[in-house]
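Here are the chains, one letter per residue:
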Amino acid sequence: MNDAPRNSRSTEYYRQLLRVRTFEERVGELFVRGGTAGSMLHLSIGEEAAAVGVTAHMGDGDSFTTHHRGHGIFLARGADPNRMMAEIAGAESGYCAGKGGSMHIADRELGHLGANAIVGGGIPAVIGAGLSARHFKSNAVSVAFFGDGAAQQGVLYESMNMAALWSLPCLFVCINNQYGMGTKIDRSAARTEFEDRATAFGLRGARADGGDVEKVAEVAGELIEAARAGAAGFLVVDCYRFHGHARMDKSPYRDDAEETEGRKTDPLALQRRRLIEDALLSESQCDEIAESVTEEMDAAVDFAIKGRQPAQDALFQDVYAPGQPAPEPVDQRIAKVLAE
Amino acid sequence: MNDAPRNSRSTEYYRQLLRVRTFEERVGELFVRGGTAGSMLHLSIGEEAAAVGVTAHMGDGDSFTTHHRGHGIFLARGADPNRMMAEIAGAESGYCAGKGGSMHIADRELGHLGANAIVGGGIPAVIGAGLSARHFKSNAVSVAFFGDGAAQQGVLYESMNMAALWSLPCLFVCINNQYGMGTKIDRSAARTEFEDRATAFGLRGARADGGDVEKVAEVAGELIEAARAGAAGFLVVDCYRFHGHARMDKSPYRDDAEETEGRKTDPLALQRRRLIEDALLSESQCDEIAESVTEEMDAAVDFAIKGRQPAQDALFQDVYAPGQPAPEPVDQRIAKVLAE
Amino acid sequence: MSEPIEFTYRDALRLALRDAMTADSSIIVIGEEVGLYGGAYGVTKGLIDDFGPERLIDTPISEAGLVGAAVGAAMTGLRPVAELMYVDFIGLAMDQIANQAAKIRYMFGGQIGVPMLLRTQGGTGRSGAAQHSQSLEAWIMHTPGLRLAMPATVTDAYVLLRHALTLPDPTVFIEHKALYTQKGILDREQPADWGQAKVLRAGSDLTIVTYSRMVHFALEAAGSLADDGIDAEVIDLRTLNPLDRETIVASVAKTGRALVVTEDTLTAGVSAEIAAILQEEAFDWLEEPVIRLAGEDIPIPVAPELEAGSIPSPARIISTARKLMRR
Amino acid sequence: MSEPIEFTYRDALRLALRDAMTADSSIIVIGEEVGLYGGAYGVTKGLIDDFGPERLIDTPISEAGLVGAAVGAAMTGLRPVAELMYVDFIGLAMDQIANQAAKIRYMFGGQIGVPMLLRTQGGTGRSGAAQHSQSLEAWIMHTPGLRLAMPATVTDAYVLLRHALTLPDPTVFIEHKALYTQKGILDREQPADWGQAKVLRAGSDLTIVTYSRMVHFALEAAGSLADDGIDAEVIDLRTLNPLDRETIVASVAKTGRALVVTEDTLTAGVSAEIAAILQEEAFDWLEEPVIRLAGEDIPIPVAPELEAGSIPSPARIISTARKLMRR
Ligand SMILES: Cc1ncc(C[n+]2csc(CCOP(=O)(O)OP(=O)(O)O)c2C)c(N)n1
Ligand SMILES: Cc1ncc(C[n+]2csc(CCOP(=O)(O)OP(=O)(O)O)c2C)c(N)n1
Ligand SMILES: [Mg+2]
Ligand SMILES: [Mg+2]
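Protein chains in written order, with my numbering: chain A, 1 to 340; chain B, 1 to 340; chain C, 1 to 327; chain D, 1 to 327.
So here's chain A without its partners, still in its complex pose (with noise of 0.2 Å):
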């Protein structure tokens, strides 16, 4: 995307940021209509920019992890709305079978290595996703996007030291959006600049406002052009988290005012502003991709709701490769026993 002349690269970020957040919308929609697997889902509005700014410079071969608030990313690295859909509703047309859920999405297609539901959990792999590319000689790039957080987790430090000791071409992508749950980022790291823990690594590290995707795009572009060359980095990327943590939470432990004043670095709005001030699309052709987004992710609701849930022998099925010995389920073994 990042190599189309800036109208249509402009205007491609503007459809990928509402897709996202249509999209994180509808889950929230499909959540209180009882149709999702849990109440475990983080939503990703407010973030957009980080997702769409980054993994507008990737494609064949690359691959990354994300965290447990990772529907955007992989929705603007080119997923499927309806298998995600359905498999945050936990249906068997999901991308991970309805075993996976929201935390726990993935395509080997896509070189979606794993959301995770443990913070931090998916970082490492990325370096072995970098030792994959020296050794296959592949010019791919492996990107670990996670939450502020999740910096104070020791593995991203053990990551990024081995990341830059090995040249490897990996970006550690931190989505700050302020909060790790309910602790704000100023209440869990005295000093927040954590591009300055990265380069105190080796690691090139940088800084972007969340609050304009051309930004973020443009630093995760020459940030990933150095990493395939070798030069590991880490960029922040600052937002807000619009709403709570999760679906359920509703941010007690911060004010009107803050919210208010968080919302407004909402990338969508300046893109689309940019988009009509810089006259490259008019307020109709904007209004028009949104239906056409609307429409989209409507139909992937419709998709998950139509799902099935799987059968229930499905879970005996995927703990090891096919063909491998398999668990044997527990009442067919007391069935044995007192089989007489």
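Hints listed in this document are in silico derivations from the structure and should not be mistaken for laboratory results. Do not rely on the hints blindly, as some may be mistaken.
Claimed, not checked - Have a look at the derived ranges for each label pair, beta carbon to beta carbon:
| hint | chain 1 | residue 1 | chain 2 | residue 2 | range |
| --- | --- | --- | --- | --- | --- |
| 1 | B | GLU291 | D | ASP19 | 58 to 64 Å |
| 2 | A | ALA326 | C | GLY46 | 44 to 50 Å |
| 3 | D | ASP193 | B | PRO322 | 45 to 51 Å |
| 4 | D | SER204 | C | ALA226 | 42 to 48 Å |
| 5 | D | ARG327 | B | LYS250 | 47 to 53 Å |
| 6 | C | ALA308 | A | GLU277 | 34 to 40 Å |
| 7 | B | ASP331 | D | THR181 | 25 to 31 Å |
| 8 | B | ASP331 | D | GLU189 | 52 to 58 Å |
| 9 | B | ARG308 | D | GLY46 | 42 to 48 Å |
| 10 | D | ASP50 | B | SER167 | 49 to 55 Å |
| 11 | A | ASP313 | D | GLY46 | 47 to 53 Å |
| 12 | D | ASP19 | B | GLU193 | 40 to 46 Å |
| 13 | D | ASP228 | C | GLY256 | 31 to 37 Å |
| 14 | C | THR166 | A | GLY61 | 41 to 47 Å |
Ideal placement from N, C-alpha and C gives every residue a C-beta, glycine not left out.
We have chain A; now place chains B, C and D with the ligands onto it with these hints.
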């Protein structure tokens, strides 16, 4: 010790350096004689200034943890060499009743919260000690000693982050002997200015030449004073591991030229030279100190050799506190099952 | 004596913490979101108002670091309650728990103890998927040096937590996420009977040995079985270390049949230990093999019906008990 | 076919790695000191000369990071062998092992596998004390999604390692530090018989079920028992996942008596699972309870005699077998 006039202070540093050096030499000899429990013995020869220079500023109520190469630190802090040597021999009369050995020496009295055989394992305990100091409004400082290799363990960064965030009276001392086993520091980190990592987390970072005990003591003194006031610190002490990683390692991964060069940074040699040059002590006075230290450490070896192995019934003691349900010996359980 | 009143499991836990913290000023609570947020499941809600942020310490997301900090605090005079938000995160802190907390007293020849409590919660019930639904008590039970309690009832939530906060050794306290809203009469004065299993329902035909949430499934099943003329004894282990072998052996000696029900996965799980003990110590009385009805040997899937299908249910306890009774 | 020659366990392991790496260029070895140093116990010595530093990757001391890196490598086309220098360090990497490697295939609906091997070593024998002497295989055995092999013999060291390096799923391979210098005839052509236990000594009076180093203790004990007229069958489990229930059950059905010998601590350990299975599946044939002779429920002390006293010995296997035979 650090309040004493220069004369006696410098002499005392020398004496302590010598005590550590001699103790470690005796440990090595004891091993050759087959008198140690196992061969996992890590000598701190060449690193004495870190031990002496930092512990010089510690007193009653202060606490510390060490890595596996911790004999010297505890000795400098005031340990009884007899009980230390006995513990290394696995004798009942040792600090830990022969259950811990070289890598697990601790002492409640002197605030030694334990040597640790897990690289990095003892680091976060100082955060807890810092919380205790805050809770009980004491002036205590808590110091974590570890190696350059441990600087790649994530838990160090988790701990430093908490120390800075909560303004705890903690100091992290990285004894950089250039190696983690056979891995030279530049093969384990791209950027080896670890103090920059610490400052990025909000700690005071500093570096000192481990060839010079007075310099180490000076920097450590400032950092410890600041830490007591709530400004946590991080100190790298540069030195050289004179011998192999453990008693059996002949260091085939480094060459003689490097070793010869490395051993030139000998804090003992410098301190002796300095004492004599500054006319604080005469050659013979220095020798007298050495003799008394030799006597002390020979006595420690005798003490250890005379120590008895713990009795078999010690096996089941101290898994839990006295008076609490203890583990039942396996043979006793079998005997009950088969009694009839 | 206070009048018994209805409480939730969650509220009973909170009250236990509050009462303990009032009685013992060396108790601090340290963990993610334990203060301002009041705990991911609300157990510590409001405690920060009573005890302040110096005793309800919100930590960064650093499981190894925070558990290690608790170890150090416990060695220097505090009695920390470290909270691990989900037992599933224990893999991040297992070194601090199993190599440090559990071994310190022993390695150091009995000089120093680690009187800390690790509070956490586990189990299925919220479609939390594979990394937020596990039952990992067997790892703890297999680690010498750690005590382990897993309360099933409102009163046990209170009395076991209070007792745990007086112990000299590191103790793991695993709550069940599906029990937080469970209601019951709280009897604060009830003796903790730490280390003692409880016969919650006497019966003569078979013994169901269980703990935590499965206690309720077992009691429900026992009720139905009674309608069928099968008289099940239901035993709640309450603590897994110490483990009360006497009570379960005595029961099986009486009934001759044992069904062990656990939510943790079958292989090398808690049910294996219980079965091993029963066949060792009640061998001569066993009419049938000890039967293990446990979690399937699989990660937990997110889809609600699959999740439910991965662990024992009252219906399966009933059908298994019937099979065991050859009915 | 190559002529059988004497090898040490260590050398057999090294040869297996060398042969596998020669055959499969996607295999890399990643761990602390695996390259230049050649492994803390010398298993990888010299391999860096053959395969270079890009395939023998020395890592910083970052257990979680290096195991996580192996997970990512395995998901992207490599077949990494991650080495954990001591199994005791597993608590640092347990999240990457149990929450990531073990669950990825399942959580992601079967799309992606993690064909990695985690090589490590455990056990007592070198006075390594509490943090360098453990036997933690039960934690792995209790984690669905992980395969687990624990070779006792030179040939098994080779054939099981070779086979493990063809498996599609994450596999843990635990060597025993006291076996590295053990010698035996290496038969490289022997089928791996992965997942199958082996009867190493046939006998009619009792069955000793064991694995890893305890196999040798059991064989030694069986020899002495034979002098006494007690004919013990000795079974080496070889892999704990898959676990070969058939072979052990068939043996106990024949002998009527079972003694399970493990170095890991008793409670909720591997011996519990084996005992549970045997009483389930060989119930009608058991003359006596299944007896567990396992490691004591204590941390491992450093003093050599205490260390030795904390685990089973040939002498104790003999005396226990005699008791079990009522002799
Ligand atoms: C290891 C671990 N610790 C704690 C949690 C509980 N938890 C889930 S999300 C979260 C906050 C994460 O904050 P951040 O990394 O900033 O991501 P965000 O939610 O803001 O996107 C926490 C504490 C978890 N899932 N995993
Ligand atoms: C968690 C862990 N990983 C690996 C080891 C093995 N090991 C023991 S010491 C050591 C090197 C440590 O290097 P450093 O921290 O620099 O300390 P030094 O030995 O140089 O004093 C290693 C890798 C260990 N004991 N613990
Ligand atoms: Mg955040
Ligand atoms: Mg070092």
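Hints, verified against the model:
1. B:GLU291 with D:ASP19: 58 to 64 Å: holds (59 Å)
2. A:ALA326 with C:GLY46: 44 to 50 Å: holds (48 Å)
3. D:ASP193 with B:PRO322: 45 to 51 Å: At 50 Å between Cβs, range holds.
4. D:SER204 with C:ALA226: 42 to 48 Å: At roughly 46 Å between Cβ atoms, ALA226 of chain C and SER204 of chain D fall inside 42 to 48 Å, so the hint holds.
5. D:ARG327 with B:LYS250: 47 to 53 Å: Holds - the Cβ-Cβ distance for ARG327 of chain D and LYS250 of chain B, about 51 Å, lies within 47 to 53 Å.
6. C:ALA308 with A:GLU277: 34 to 40 Å: Violated - the Cβ-Cβ distance for ALA308 of chain C and GLU277 of chain A, about 54 Å, lies outside 34 to 40 Å.
7. B:ASP331 with D:THR181: 25 to 31 Å: Between ASP331 of chain B and THR181 of chain D, where Cβ atoms are some 29 Å apart, the hint holds.
8. B:ASP331 with D:GLU189: 52 to 58 Å: violated (42 Å)
9. B:ARG308 with D:GLY46: 42 to 48 Å: Because 43 Å falls inside the window, the suggested range holds.
10. D:ASP50 with B:SER167: 49 to 55 Å: Given a distance of about 53 Å, which is inside 49 to 55 Å, the answer is holds.
11. A:ASP313 with D:GLY46: 47 to 53 Å: Cβ of ASP313 of chain A to Cβ of GLY46 of chain D: about 49 Å, so the range 47 to 53 Å holds.
12. D:ASP19 with B:GLU193: 40 to 46 Å: holds (43 Å)
13. D:ASP228 with C:GLY256: 31 to 37 Å: holds (35 Å)
14. C:THR166 with A:GLY61: 41 to 47 Å: violated (59 Å)
Hint compliance for this structure: hints 6, 8 and 14 are not met, and every other hint is.
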